[in-house]
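For the protein sequence lines, the chains are B and S, in the order given.
Just so you know, we're using our numbering here: the first sequence kicks off at 22 and counts up by one.
Just so you know, we're using our numbering here: the second sequence kicks off at -3 and counts up by one.
Rather than coming from a laboratory, the hints here were simulated on the basis of the structure.
These numbers come from a predicted model, not from an experiment.
Yeah, the Cβ is synthetic: ideal placement off N, Cα and C, and Gly gets one too.
Please note that a few of the clues may not be correct.
Only pairs whose alpha carbons sit at most 25 Å apart, straight line, appear in this in silico PhoX-like list of lysine-lysine [what the hints assert, rightly or not]:
1. S:39 <-> B:40
2. S:27 <-> S:49
3. S:39 <-> B:105
4. B:65 <-> B:89
5. S:27 <-> B:108
Below, a sample of chain S positions facing chain B; criterion: calculated Cβ distance under 7 Å [to be verified]:
6. 22
7. 29
8. 31
9. 36
10. 41
11. 47
12. 51
13. 52
14. 53
15. 54
16. 55
17. 56
18. 57
19. 61
20. 63
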Amino acid sequence: MGVSADHIATLEAWGKQNKISYLLLSDFRRAMLPSYDALVTDEKSPIFRYAKRAYFVIDKNGIVRWIKVEANPLDLLDPAEVLKALKDAGV
Amino acid sequence: MRRATAPLVAALLLTGLALTVPAAALEVGQKAPDFTLAAPGGKQVKLSDLTAKGPVVIFTFIQAFTGT
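Full structure from sequences and hints, please.
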């Protein structure tokens, strides 16, 4: 599932336009992102108070099994890397 | 006078430092902080409800409609 700081109405429209089949969640109040260290808090950054590009694998017991935070938010992760992380974590 | 106030100044400085140290980042092996967030259709989704059904992959992204 994807999480951003966008308003839910924005995510709903974006998901519909792009026919996104996975879950999109809105952290408009910036409640979840800081607890995952996934909020940009550098006031000089053009994306201040928006989400970092980060990935988390959580197992069925709620334990974090894999984390990747991209230093450059424009870097996209190869989906194969997430699949490998899932396989390695045995979840 | 200077000698008497030195410990007080040091304590204030240390308190200030402690307040500015950011919270430790989330690490592998830790319990994922639970959250409830808004989903399309007016629903509220809780992480622990999802993980009860199986593993979850979360990705965070910058902004919709921007290609980021």
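Original post:
Any hints this thing doesn't respect? Which numbers, in order?
Top reply: Structure breaks hints 3 and 20.
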